[in-house]
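**Student:** Listed below are the residues making up each chain.
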Amino acid sequence: MVLVTDFFKAKKPAAKREQPSPPSGASAEEILASIPDAELPDTSDSQKLSFFQLQQRKAQAPQATGSVDIPEAKPHCLSGLTMVFTGVLPNLERTDAENIAKRYGAKVPKSISGKTSVVVIGDEAGPSKVQKIKKMHIKAISEEGFLQLLRSMPADGGSGGEAVKAKRKREEEESRIIQEAEAEEEQERARQQQAKIQHVPPSVSKHSSRLPAEPVREISNDDKLWTTKYAPTSTLQLCGNKGQVNKLRSWLLHWFDNAKNDFKDPGADGSGVFRACLISGPPGIGKTTAAHLIAEDLGFDVLEKNASDVRSKSLLNSDIKSVLNNTSVMGFFQNRHADVHQENERRFCLIMDEVDGMSSGDHGGAGALSQFCRITKMPMILICNDKSLPKMRTFDRVTYDLAFRRPSENEVKARIMTICHREKIKIDPSIIGQLVQTTNNDIRQMINLLSTVSKTQKTIGAEQSKDFSKSWQKQTVLKPFDIVGKLLNGQIYSPHSNHTLNDKIDLYFNDIDFTPLMVQENYLYTRPSNCRDDSDHLRRVAQAADDISASDRINSLIRSSEQQWSLLPFHAVMSSVKPSREVAGNISQRINFAGWLGQNSKQMKYQRLLQELQYHTRLRTSTDKKELRLEYVPLLAKRLAGPIVSQGENGIQPCIDVMDYYFLTREDWDTILDFGVGAAKGEAVLKKIPTKVKTAFTRTYNSSTHPIAIYKTGNSVGTTKSTASTVDYEDVIQDDTLKDDDDTEEKDDSKFDSKKDKLIKEVKPKKGAKRSKK
Amino acid sequence: MSLWVDKYRPRRLDALSYHAPITASLKALASTGDFPHLLVYGPSGSGKKTRVYATLHELFGPQVEKLKIDVKTFTTSSNRKLEFNVLSSPFHLEITPSDMGNNDRVVIQDLLKDIASTEQVDFSNSKNNGTPKHRFKVVIINEADSLTRDAQAALRRTMEKYSANIRLIMISNTTSNIIPPIKSRTLLVRIPAPSVADITAILADVATKESVHFTADPVQSGFLSQVAANSDQNLRRALLSFETISMSNASVACDGQNAVVTLDWEVIIKNVSSSIYTNRSVSNLAKTRVVFYELLAHCIPARIILKGVLFELLRLCNNHSKAQQLVEIGSMFDERLSLGSKAIFHLEGFVAKAMVALE
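Protein chains in written order, with full-length UniProt numbering: chain U, 1 to 774; chain W, 1 to 359.
These aren't lab readings, by the way, just hints derived from the structure by calculation.
Just so it is clear, the structure is predicted and the values come from calculations on it, not from any experiment.
Positions of the beta carbon are idealized from the N, C-alpha and C atoms, including for glycine.
Wrong hints could be hidden among the right ones.
[To be verified] Here are the simulated distance ranges between beta carbons:
no. : chain 1 : residue 1 : chain 2 : residue 2 : range
1   : W       : THR32     : U       : MET604    : 29 to 39 angstroms
2   : U       : GLN611    : W       : ASN177    : 13 to 23 angstroms
3   : W       : LYS27     : U       : SER704    : 53 to 63 angstroms
4   : W       : ALA216    : U       : ASN702    : 43 to 53 angstroms
5   : U       : ASP670    : W       : ASP110    : 27 to 37 angstroms
6   : W       : ASP110    : U       : SER561    : 14 to 24 angstroms
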């Protein structure tokens, strides 16, 4: 390596002389050779750095200032080159530099390989990368060299072999896109032609006389949204997810064969046992389009339900269930021109869109739907965004799972170019990469953005890219975990970072309820950077804890009757930004979910139990809730459990006597033991009691009557118990779809039963009322 | 079968053993026709409620002991239905408005007005016993110090307007949270904590009645006064711990060690404090958080925890300036506890700060 470097050093003066007027036909190799090598950092000490140390060094490394004039280079001057950027460049942000390289046609992979033609190296480059460069003898240049390269490269990458190849490829691609676009336009015209023929008022035909010819309003293509205008018309036009689309097609194709086998035979890909399939994936990647296309392709009539329909359990039962074993009669009404139509071949396919959008309004809808998935007599395609949601779990076993992924840049590129060509917009191919990035691979949004931009501009060059990327930026709301990750790892606080205080406060505003709780949960588990020793760490943590505690005061001002919402930014600083600034560093464990919520609801539960306990014992004791817990409960627990623990079954009666005196129920007995902490913990005590004794206790208690302290007056229906035992049927899946016939038969019996129940229920409160009047 | 503390509660004013002057004036008040509104305050376990009930007994006779609990339903302004338990006898009602949290105003407004606007019609007691008839009902308001401002304001006018029909007896620990207009409308009765001697006498009385077996003479050996001293002058606590002691041994040994009853939650607070004192690190702070959550979940009030930890740390710490710092930190977080809403934040803040102060 030293030799090579020397060689280039010797050539350096010559290169400088050449620079002002590079030979117009020079190849990339020649020009590259004219650029001085960058100094490779010494990695011979080869000390192994841990991941955290590396992170830390990166955080401390000087950040790019971004103050450099980027030279205007010839179009496509870097094409054919494969450039890798590594380390922190002194003046350019790495992503910016990569974008520049991409814009001029270079390929920019993330790692070094044999194909890499040049590496642009900055400070703090990874040692492994440096070693690779040395091993493979790849040309390494500095940022200065990169800029020089930009200045000196001729258009289209010079005359080198690679460049020529790249140019040819690019031209081929362009011509292919043009061809495709023209072909589509041809199709479109043909379709319109066909439509015109169809909508010629039908000459005397039998059914037209009865059915008034529906005037179909033709919407001209120019008025359509681009997303409808350029919606894929065949499965070939779908971008990405080819494998999943094929799976879906083969599943749907073999559906009726599988139905003959009663869905017992899994088939080659295991899809044979499913009556329904579930497509999941982020928005805007063509899930709905794919489902519709395939269903229509295979000759199904599509019946679609989406979030705009109410899909509660009862409505699904009445609307969908009746449809599930129907066949379509569309064929009978079809015009003769539809030559696809075969006698009675038309079948339904049910597409349930936005399944995860089933909200509280659609009570029991998800459960009912998953029931249908088991029994349906026609294929069902369910579509959702997030399969991991708990409410989607009911579909886990009953549906064929097809996860759609975001299409990559390459998969989208051709499609976008075609659209642009048809709309006569000149777009720089390199800008598509940016488009893909800013929209997070959302095709629908890309097309919508293009459509908006095209209203004012017909050429979109690389120059405007920066302006667009700002305005195109998808405003995403961060999840609590991401917010805390960003707040607690030190990068946004480093002096070189361009995060202003407002940016940090904005992080809090992504989720004002969760951020403070999540910070509080996780701030103890970081290793602060620049922390001298453990006591310094403790001091920082104490400061953070102090701030968090102070922020609670602000929070109560905001949430109390005073409602001082203008304090929110202050709360943001005190609850989230300042504490995390104190302790920011590497997070030493997985980010936990805010434990406060669970603990709080547990506390509320025990408070409720304590209140009940106080009500029950109130007739005998003269204390408030707090004292009851602090003073009474420990002794009561001893009195109530002690005899049973020590004497077994003989101890039961004394305990029941105590309970009766204090009007305690069997549930209260459990509650009192449950209140114990530490050594007196309820579980620990319960373990000492053999199961046999426990059951004997319950039996003895239930066999006799006990005094009750509280009777409800006023309303005569239901006691506290009955209100507590009402079950939320939201997630309960009932098997009622299968036993419809049985239900009708049993109806009489059930009526009788319910009457009986009512009587029983009615008697109880009366008794209670009488007693309380005495 | 009941606990001693409830078994030996005096029912009559005559049976009360200590604070004789207060008892005498209560008796005098009850014998006259115009019984005033009362505000009875004092530390817990000093016998406030016992005195109030004894006074009621004096006023209305034994029928006040026929207690029952009713559940009443209220509708808030936001149309939510709330259930509320009311303890009552023919002559009085006892309510704890703080059970309803922020809705206590509704209870005060609806319930009190309801009772206040109806006259007492049952004079049966007066005929039988010859005691002067009282045309009013008594309403006991528990935990009056945790009434919200709104609820207290709602009380003001009610107390005057309906004074013909109701008398209020408010029971609280302190008067500091009670607004001056209420204080001016009531007769303030302070029940101080009983002295150690008072408690010792009561314990001795209970011991003979229950025929507790001791290894030595409990009064002579000072055992009972030790139990009394360990109870923070809280009679309820003294009785409960005395019963605990005698429950665990067939015959009670009269040494000082035996006189201390540490409750389950006190043990935990003690342990956590000593671990804070010895191991001052961030990882230990994380561990204390778990313990605090456990205590808070089991309804141990945060202020009790804070107080417990602070006092335990003060006991362990011999350095005066550090102790002063600790007290300062403790009082700061105590204030935040009462102003804020998330107890764990403040407890953790206190522990973190205390760890630094102890360094």
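**Student:** Evaluate each hint against the coordinates.
**Tutor:** Structure-based check of all given hints:
1. As the Cβ distance of THR32 (chain W) to MET604 (chain U) is approximately 46 angstroms, the hint placing it in 29 to 39 angstroms is violated.
2. Checked against the given bound of 13 to 23 angstroms, the beta carbons of GLN611 (chain U) and ASN177 (chain W), roughly 21 angstroms apart, stay inside it.
3. Hint check: LYS27 (chain W) to SER704 (chain U), Cβ distance near 43 angstroms, so the stated range 53 to 63 angstroms is violated.
4. Range check, ALA216 (chain W) to ASN702 (chain U): about 46 angstroms between beta-carbon atoms, so the 43 to 53 angstroms window is met.
5. Take ASP670 (chain U) and ASP110 (chain W): their Cβ atoms lie about 34 angstroms apart, and the range 27 to 37 angstroms holds.
6. Between ASP110 (chain W) and SER561 (chain U) the beta carbons are some 20 angstroms apart, a value that agrees with the proposed interval 14 to 24 angstroms.
Violated hints for the displayed structure, listed by number in ascending order: 1, 3.
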